[in-house]
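**Q** Here is what each chain is made of, one letter per residue.
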Amino acid sequence: MSTTGQRRGLAAVIFPAALALLVLGALAVTGCGSDSSTGGGASPAASASSGPITVTDGSGASVTLQQPAARIVSLAPANTEIAFAIGAGAKMVAGTSYDDYPEEAKSLPKIGDFANPNVEKIASFEPDLVLAAGGIQDGLRSKLEKLGMQVYVVDPKTYDGVMTDVTNLGQLAGSTEQAQQVADTMQKAKDDAQAKVASLSRPATFLEIYSKPLMTAGGDTFIDDMITLAGGSNLGATAGSGFPTFSAEVLFKNDPDVYIADSGSMSEPGDISKRAGFADLTAVKDGHVYVIADNIIARPGPRLAEGLQELVKMIHPEASSAP
Amino acid sequence: MTRLARTSSWPGIALAGGIFVACLLVSLAFGPASLSLGEVWHFVTTGPVQGDLPNAIFWQIRLPRVLLACLVGAELAVAGVILQDLFLNPLTDPYVTGVSSGAALGATIGIVLHLSNLPWMAVLALIGGFATLGVVWMAARRRGRIDIFVLLLAGVTISYLASAVVTVLMIRANQDMHAIVYWLMGSFSGRGWQEVEIALVAVPFMIAPLFFAREMDILLQGEKRALELGVEVERTKRILLVTAGVLTAIAVSVSGIIGFVGLVVPHIVRLLVGPGHRSLLPVSLLVGASLMGVADLLSRTVIAPNEIPVGVVTTFVGAPLFVYLLRRGRKG
Numbered sequence: 001m002s003t004t005g006q007r008r009g010l011a012a013v014i015f016p017a018a019l020a021l022l023v024l025g026a027l028a029v030t031g032c033g034s035d036s037s038t039g040g041g042a043s044p045a046a047s048a049s050s051g052p053i054t055v056t057d058g059s060g061a062s063v064t065l066q067q068p069a070a071r072i073v074s075l076a077p078a079n080t081e082i083a084f085a086i087g088a089g090a091k092m093v094a095g096t097s098y099d100d101y102p103e104e105a106k107s108l109p110k111i112g113d114f115a116n117p118n119v120e121k122i123a124s125f126e127p128d129l130v131l132a133a134g135g136i137q138d139g140l141r142s143k144l145e146k147l148g149m150q151v152y153v154v155d156p157k158t159y160d161g162v163m164t165d166v167t168n169l170g171q172l173a174g175s176t177e178q179a180q181q182v183a184d185t186m187q188k189a190k191d192d193a194q195a196k197v198a199s200l201s202r203p204a205t206f207l208e209i210y211s212k213p214l215m216t217a218g219g220d221t222f223i224d225d226m227i228t229l230a231g232g233s234n235l236g237a238t239a240g241s242g243f244p245t246f247s248a249e250v251l252f253k254n255d256p257d258v259y260i261a262d263s264g265s266m267s268e269p270g271d272i273s274k275r276a277g278f279a280d281l282t283a284v285k286d287g288h289v290y291v292i293a294d295n296i297i298a299r300p301g302p303r304l305a306e307g308l309q310e311l312v313k314m315i316h317p318e319a320s321s322a323p
Numbered sequence: 001m002t003r004l005a006r007t008s009s010w011p012g013i014a015l016a017g018g019i020f021v022a023c024l025l026v027s028l029a030f031g032p033a034s035l036s037l038g039e040v041w042h043f044v045t046t047g048p049v050q051g052d053l054p055n056a057i058f059w060q061i062r063l064p065r066v067l068l069a070c071l072v073g074a075e076l077a078v079a080g081v082i083l084q085d086l087f088l089n090p091l092t093d094p095y096v097t098g099v100s101s102g103a104a105l106g107a108t109i110g111i112v113l114h115l116s117n118l119p120w121m122a123v124l125a126l127i128g129g130f131a132t133l134g135v136v137w138m139a140a141r142r143r144g145r146i147d148i149f150v151l152l153l154a155g156v157t158i159s160y161l162a163s164a165v166v167t168v169l170m171i172r173a174n175q176d177m178h179a180i181v182y183w184l185m186g187s188f189s190g191r192g193w194q195e196v197e198i199a200l201v202a203v204p205f206m207i208a209p210l211f212f213a214r215e216m217d218i219l220l221q222g223e224k225r226a227l228e229l230g231v232e233v234e235r236t237k238r239i240l241l242v243t244a245g246v247l248t249a250i251a252v253s254v255s256g257i258i259g260f261v262g263l264v265v266p267h268i269v270r271l272l273v274g275p276g277h278r279s280l281l282p283v284s285l286l287v288g289a290s291l292m293g294v295a296d297l298l299s300r301t302v303i304a305p306n307e308i309p310v311g312v313v314t315t316f317v318g319a320p321l322f323v324y325l326l327r328r329g330r331k332g
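Protein chains in written order, with this note's numbering: chain A, 1 to 323; chain B, 1 to 332.
So that you can see chain A by itself, here it is in the shape it has in the complex (with noise of 0.2 Å):
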């Protein structure tokens, strides 16, 4: 009898704290990188087309194929996008469960549950290359390469650390050429961005990640460099790095001009102007609450720049207009 009340009580302290680490990992993957070192660079002895690839990855690891990836496993949803983006589409030969852009995607094979990838199942498609995220997934690398695959892992901090990856993978994926395109959809994307705000005032915004408890990005995301690169000014990098929780007293003592909720896999955020005292918020009073797609924001793939540009018309609605 008192075994069965004593695993309940620690089950009641510890279950929550685990179940707080596989969210905190998952976030890893979903939306932004942890802890790691910032994006890698691309190796510029490796452009030509034959003999060994070699490039930089988001751990700073390098990796070095011999020839470009015929079989391809991802284990993001990111990774699957960008890995379609640059045109690797068809070497793709298994996915995450969470993958849902582009349509092709969702039925690619699952190597199951990404926040706990099955090592056997990768190990099964034969892939000779796998796309990996940083924070939970970071101690799967030694386990696959154990196994003979070369890992490229996507841990972006900044909008630029992703065009990096795009074109990385494009080397990587014998696909150059498509991929320089989508990161000068990307570049372009962000010059424009650039062009709109460069005069103009930085709005403190605040990006909601969760309401319940409240969430937003933090300083070393690569959703602060967009709110950065899209004219405003993060209130959640005061608060660390990551996706730290964040005080409401903080955010009315802030009264940010612009507030955006972040709509999808993570959170509804419902009616945001009639939550309990959001009336008196500036950003209500004035019209400027917005909610975004999450896949376009918190997913570090070719689509940002689709959340570049949404961001750019959410903090300077007067500099969208203009032409």
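Keep in mind that a hint or two might mislead.
[Unchecked claim] Here's a subset of chain B near chain A, in silico, CB distances under 10 Å, partners left out:
hint, residue
1, VAL26
2, ALA29
3, PRO32
4, SER34
5, ASP52
6, TRP59
7, GLN60
8, ALA179
9, SER187
10, SER189
11, GLY190
12, GLY256
13, ASN306
In case anyone wonders, no lab produced these hints; they're calculated from the structure.
Model, not experiment: these values are computed from the prediction.
The beta-carbon is built from N, C-alpha and C at its ideal position, and this holds for glycine as well.
Keeping the supplied structure of chain A fixed, place chain B upon it in accordance with the hints.
**A** Just chain B, lined up with the frame of chain A:
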């Protein structure tokens, strides 16, 4: 033996009441937005004002959150007293009856069906909690009598079953996993007056057990002895179990799963005022409210603008206090 409440219970209750009022005032006076005491007093006297942001911080964010924390703490503490003494098991907490896991399952279904806003979440959590209580109840009923030990075992079993279903739902509906996990972790962040209104429904159920203090005292000596002393054992058990179930389900429905308070507050209070329910129940109610209020105060201020999950704080605050009292109690 029969007169467990040897001395008057009023000094203890008054002291606990004083501590509670102090905790309440401190919780209202301090917060990450650092309003001055003068400002806070001004807001209290002027009441809620539209269009005044600091006023909104106090009336729409801090006050409802503090009240909710205190209500939930009181609910869990009273439920803990009832269940520990009914089951005659010191390791019982409000979560063993399966009510909280059932409530969690209800809430999880709400999240998966994208009904994650109030009042749906609370309603589904309540339905889940009561449904589990019903199942456990049926399992434990034999010839019109509730077998307490079967009830405990069935509760633990159903609890594991409900948790397993929650896990399956989390994996299947992996897009909603975060929402489910945050809900399960328990928090008062982002809660407002709506949740307070739901938690207030539990107030009669916090007070009702006081009318059964004598019966509960006698039940501590076993059901047989209680029958001999003329206690309507089955009726009392029924009322108390439903009461504890309602308290737990309501608490869980507004705040998620917050551990430790329901387990440890009754023990702390027993060490301080003894096992007599005339003191134990009201003092536990007040200490539960105080502990949760202070825990939430720390959760929202210590690493502001970030927050610490309140369940972590209740454990950090409660565990050393409990160990200290256990040692002191043993010496005495």
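**Q** If a hint holds in the structure, say so; if it doesn't, say that too.
**A** Hints, one by one, checked against the model:
1. Against a cut-off of 10 Å between C-beta atoms, the interface hint on VAL26(B) is violated, since the closest Cβ of chain A lies about 15 Å away.
2. Here the hint on ALA29(B) is broken, as its CB sits about 13 Å from the closest CB of chain A, past 10 Å.
3. For PRO32(B), the shortest C-beta to C-beta distance to chain A is roughly 4 Å, which falls under 10 Å, so the interface hint holds.
4. With a cut of 10 Å, the hint placing SER34(B) at the interface with chain A holds, because the nearest CB-to-CB distance is about 8 Å.
5. Interface hint status for ASP52(B): upheld, as the beta-carbon distance to the closest one in chain A is roughly 7 Å, under 10 Å.
6. The restraint placing TRP59(B) at the interface with chain A holds, with a minimum CB-CB distance near 7 Å, inside the 10 Å limit.
7. A distance limit of 10 Å between C-beta atoms decides the matter here; for GLN60(B) the minimum to chain A is near 3 Å, and the interface restraint holds.
8. For the restraint placing ALA179(B) at the interface with chain A, the shortest Cβ-Cβ distance is roughly 7 Å, inside the 10 Å limit, so the hint holds.
9. Contact between SER187(B) and chain A, as hinted, is supported at the beta carbon level, the nearest pair being about 5 Å apart and thus within 10 Å.
10. Taking 10 Å as the C-beta contact cut-off toward chain A, the hint placing SER189(B) at the interface holds, the least distance being around 3 Å.
11. For GLY190(B), the suggested interface contact is upheld, since its CB lies about 4 Å from the closest CB of chain A, less than 10 Å.
12. Because the smallest distance between the Cβ of GLY256(B) and any Cβ of chain A comes to about 9 Å, under 10 Å, the interface hint for this residue holds.
13. Checking ASN306(B) against chain A: minimum C-beta separation of about 5 Å stays under 10 Å; hint holds.
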